[in-house]
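Undergrad: Sequence:
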Amino acid sequence: MTVFSKLLFGTMHIKSYDLLACEGKQQPEVKNQLPKVRLAKVKTNSDLTAPCNTSILYPEDGGNMHCFTAVTACAVLDVLGPPYNDDEGRHCQYYFDFPSSQFSVDGVVVPNEEKEGYGWLQERDRPVDLVVRGELYRGPPFFK
Numbered sequence: 002m003t004v005f006s007k008l009l010f011g012t013m014h015i016k017s018y019d020l021l022a023c024e025g026k027q028q029p030e031v032k033n034q035l036p037k038v039r040l041a042k043v044k045t046n047s048d049l050t051a052p053c054n055t056s057i058l059y060p061e062d063g064g065n066m067h068c069f070t071a072v073t074a075c076a077v078l079d080v081l082g083p084p085y086n087d088d089e090g091r092h093c094q095y096y097f098d099f100p101s102s103q104f105s106v107d108g109v110v111v112p113n114e115e116k117e118g119y120g121w122l123q124e125r126d127r128p129v130d131l132v133v134r135g136e137l138y139r140g141p142p143f144f145k
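Oh and the sequence shown: position 122 is 123 in the working numbering, straight run, nothing missing.
Worth flagging that the hints you see were computed from the coordinates, not collected in a lab.
C-beta: ideal position from N, C-alpha, C; glycine also.
Hints are supplied without guarantee of correctness; some may be wrong.
Okay, the calculated beta carbon distance ranges per label pair [as the list claims (entries may be wrong)]: (1) L20 with P141: 29 to 39 Å; (2) P142 with F97: 32 to 42 Å; (3) G118 with P142: 19 to 29 Å; (4) D126 with L20: 34 to 44 Å.
Calculated pairs, BS3-like style, for lysine-lysine (alpha carbon to alpha carbon, straight line, at most 27 Å) [to be verified]: (5) K16 with K44; (6) K16 with K37; (7) K7 with K37.
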């Protein structure tokens, strides 16, 4: 899916990743006690303050694995296309992120000067305090 995110007011921090496999590189084997940890490249790691441009996150490039953190009171409008649908294989997944230097890895060397540009993502259950309200768009068609 493609995600359009618009910060409506306030300031938020966005950190986004692309999984290494999406860049045509194979996932390395990870030697640690945590299951299903995947290497990802940081695409964005910055604060946004409204008014600002709309962020576009593409399925395999552009940081579709992302985390928003409120710096001040803020609101974000996310438009997903197509929307999440478990039956059609479009699951909403949640991750813990870890610094790239946290695990020993066979098959991938991350140079010291690039360590900040990578991280490890581990899938997790949906946070219990997360509230998401979805609505079907009922406005005029985007495309004719």
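Undergrad: Could you see if the CB distance from L20 to P141 stays within 29 to 39 Å?
TA: 35 Å, holds
Undergrad: Hint check: K16 vs K37, CA-CA at most 27 Å. Holds or violated?
TA: 20 Å, holds
Undergrad: Take a look at whether the Cβ-Cβ distance between P142 and F97 falls inside 32 to 42 Å.
TA: 39 Å, holds
Undergrad: Range hint 34 to 44 Å: satisfied by the CB atoms of D126 and L20?
TA: 19 Å, violated
Undergrad: Go ahead and decide if the range 19 to 29 Å is satisfied by the Cβ distance of G118 to P142.
TA: Taking Cβ atoms as reference, G118 and P142 lie about 40 Å apart, which means the hint is violated.
Undergrad: For the pair supplied as a hint, K7 and K37, is the alpha-carbon distance within the 27 Å limit?
TA: Distance ~31 Å between K7 and K37 Cα, so the pair is violated.
Undergrad: Could you grab the alpha-carbon distance between K16 and K44 and see if it respects the 27 Å cut-off?
TA: 7 Å, holds
Violated hints for the displayed structure, listed by number in ascending order: 3, 4, 7.
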